[in-house]
Amino acid sequence: MGLLELHNVEIAYGNIQVVKGINLSIKDGEIVTLLGANGAGKTTTLQAISGLLKLKSGTITFNNEEIQTMPAHKIVEFGICHVPEGRRVFGTLTVEENLNLGAYKYRNNLKHVKAGRERVYCLFPRLGERRTQLAGTLSGGEQQMLAIGRGLMSDPKVLLLDEPSLGLAPILVREIFQTVLEINKQGVTVLLVEQNARIALRLAERAYVLETGRVVLSGSSLELRQDPRVQRAYLGIKGA
Amino acid sequence: MVLFIEQLVNGLTVGAVYSLVALGYTMVYGVMRMINFAHGDFFMIGSYLGFTLISSAFLGRTIPLWVALTIMVLFSMGGVGAIGIIVERAAYRPLRKTSRLTAVVSAIGVSIFLQNAVMLIWGPRYRAYPSWSVPDVTWQVGGIYINLMQVLILSISIGLMVALYFFVQRTTVGAAIRATAIDHDTARLMGIDVDQIIRLIFLIGPALGAAAGVLLGLYYRQIHFTVGWTYGLKAFTAAIMGGIGNIPGAMAGGLLLGILEMLGAGYISSAWKDVFVFFILILLLIFRPTGLLGERIAEKV
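Residue numbers (the working numbering), protein chains in the order written: chain A, 1 to 240; chain B, 1 to 301.
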């Protein structure tokens, strides 16, 4: 039994079904990636796990407890943190305020929050230099660091990362992914959604490939990297 | 010059009251993108609750003024804050996922309901705060007259505004309010209970409006169940002036509007003072709908 399990999860926006019965199982300490083209249902799946979207049917269990009917803010308290696509930092709040909000569940324990901030500044020294700056004035890469750092402030057991490489220069992408690896080594389980399959398959131990709301392939990253379908569709290797 | 300064003081006095009411509009708009057209009625109910308390045997003339005033303001803030939370739960929350127009229509319904409820409870006639509510003490400072009531209004409303500013800018819950104003979903991902933040807004906004209601009741003494519309619209103008959604903007907008109104009343005609205010509202909506502070500076709350 994995730490985070999705059983026959179906999600619909009105009459349009986006996720058509998927099963995922993520074990404690793993990095797992969810690959797929635009519209495959990756972001929708993450939003369902974090409670932003309600399921049409199916169950999501975390630590053997069903969480699919819990409101989003409770799920955070449980130890699942979702770093949304497009960073979504609070632009008119300072870096420090953004981090404090990440630790909202610890808002009555200022010591804990401060220690959390120091940890994040250690991980991303550039955020420390800019702690009093408004988040909206940061560069794209710094905003992504802030989004991840803010997510870590809740001490999650599972980190849901949605497209952390989006719109970033390759050198920054490498830096961010290096940090994700480090976070994982500290015991955080990571579920990563990525368009950049090449780097995602290098980082993750296992992967699921989604196509129009269904899991069409799954396995270890090594296997999937060798799979001709994956090579053709996601790695851009011709004639494979 | 004396007239100018006197009208300036008068303007600041009513303006501070407009600011308090404007904050309710601006905070609700900031978090829910909705104009709460029932907000003026929270103000009105506040002035009725204060009136009831001071004309009751409970708050007789024997209690010192500052104690009586504190009890009145807190009582009506608490009462109206509770009504605000009930109104949000009953009339706005069920409609949150529908179009914004639906919520506005619901707000107008709430307004009509509250006005009629007050009419049934307190009667359709004008009611008046007792003349002994605040002693008629006047000081002469450098040729201009300032009375005790003006000093009380200014100090209480500025005190409340400073408290609100610190709460919103310096506390984590305040940051959560600002974050919710920016992006509900991301706020939820932080573990913020957005429903709870909205409840909080519907406690604070109406409570500030109620304090304003008590203060203006004491100042003008006459109250009526329809005053919510006039003062509500004036405060709405102040909120637009400061850029709706912007907390410091609403404070500045209220003061500015009060000053403009009183200068107009002093130099042109006091019978026309409401006309000036609504003329300003029309000009703003046409030429500067984002407010005088503009969009760029306007921090959304």
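The reader is advised that the hints may include incorrect statements.
Straight line, CA to CA, 20 Å or less: simulated SDA-like cross-link-like pairs of lysine to any residue [what the hints assert, rightly or not]:
hint : chain 1 : residue 1 : chain 2 : residue 2
1    : A       : Lys27     : A       : Ser221
2    : A       : Lys27     : A       : Arg126
3    : A       : Lys54     : A       : Lys27
4    : A       : Lys74     : B       : Asp193
5    : A       : Lys105    : B       : Val173
6    : A       : Lys74     : B       : Ile71
7    : A       : Lys54     : B       : His184
8    : A       : Lys54     : B       : Val173
9    : A       : Lys56     : B       : Val173
10   : A       : Lys105    : B       : Lys97
11   : A       : Lys185    : B       : Val173
12   : A       : Lys114    : B       : Asp183
13   : A       : Lys114    : A       : Arg126
14   : A       : Lys27     : A       : Ser220
15   : A       : Lys74     : B       : Asp136
16   : A       : Lys54     : B       : Thr172
17   : B       : Lys97     : A       : Thr69
Here chain A is said to cover these stretches of chain B; the calculated rule only asks that three of the stretch's residues, wherever they fall, bring their Cβ under 8 Å from a Cβ of chain A [said to hold, decoys possible]:
hint : region
18   : 46–53
19   : 181–188
20   : 216–224
Simulated from the structure, these hints should not be mistaken for lab results.
Bear in mind that the values here come from a model prediction, so they are computed numbers and not experimental data.
We treat Cβ as the ideally placed atom computed from N, Cα and C, and that holds for glycine.
To see whether the hints hold, each was checked on the structure:
Pair hint A/Lys27 plus A/Ser221 holds up; C-alpha atoms about 15 Å apart against a cutoff of 20 Å. This hinted pair does not check out: A/Lys27 and A/Arg126 have alpha carbons roughly 32 Å apart, beyond 20 Å. About 23 Å separates the Cα atoms of A/Lys54 and A/Lys27, which puts this hinted pair outside 20 Å; it is violated. Using a Cα cut-off of 20 Å, the hinted pair A/Lys74 and B/Asp193 holds, with the two alpha carbons roughly 8 Å apart.
Straight-line distance between C-alpha atoms of A/Lys105 and B/Val173 comes to about 11 Å, which keeps the hinted pair within the 20 Å bound. A hinted pair counts as satisfied when its Cα atoms are at most 20 Å apart, and A/Lys74 with B/Ile71 does not qualify at roughly 38 Å. Annotation: proposed proximity of A/Lys54 to B/His184 holds, straight-line Cα distance about 16 Å (limit 20 Å). For the proposed pair A/Lys54 and B/Val173, the alpha carbon gap of about 27 Å is over 20 Å, so the pair is violated.
With a CA separation close to 33 Å, the supplied pair A/Lys56 and B/Val173 exceeds the 20 Å bound. Pair hint A/Lys105 plus B/Lys97 does not hold up; C-alpha atoms about 26 Å apart against a cutoff of 20 Å. Taking the CA atoms of A/Lys185 and B/Val173, the gap is about 32 Å. The hint is violated against a cut of 20 Å. In summary, the hint linking A/Lys114 to B/Asp183 is not supported, as the alpha carbons are separated by about 24 Å, beyond the 20 Å threshold.
Between A/Lys114 and A/Arg126 the CA atoms are separated by roughly 17 Å; this keeps the pair inside 20 Å, and the hint holds. For the proposed pair A/Lys27 and A/Ser220, the alpha carbon gap of about 13 Å is at most 20 Å, so the pair holds. Distance restraint check for A/Lys74 and B/Asp136: the Cα-Cα separation of roughly 55 Å exceeds the 20 Å cut-off, and the hinted pair is therefore not satisfied. For the proposed pair A/Lys54 and B/Thr172, the alpha carbon gap of about 28 Å is over 20 Å, so the pair is violated.
This hinted pair checks out: B/Lys97 and A/Thr69 have alpha carbons roughly 19 Å apart, not beyond 20 Å. Remark: the region 46–53 of chain B is not confirmed as covered by chain A, as 0 of its residues place a Cβ nearer than 8 Å to a Cβ of that chain, below the required three. Given a C-beta distance limit of less than 8 Å, the hint that chain A covers the region 181–188 of chain B holds, as 6 residues qualify and 3 suffice. Given a C-beta distance limit of less than 8 Å, the hint that chain A covers the region 216–224 of chain B is violated, as 0 residues qualify and 3 are needed.
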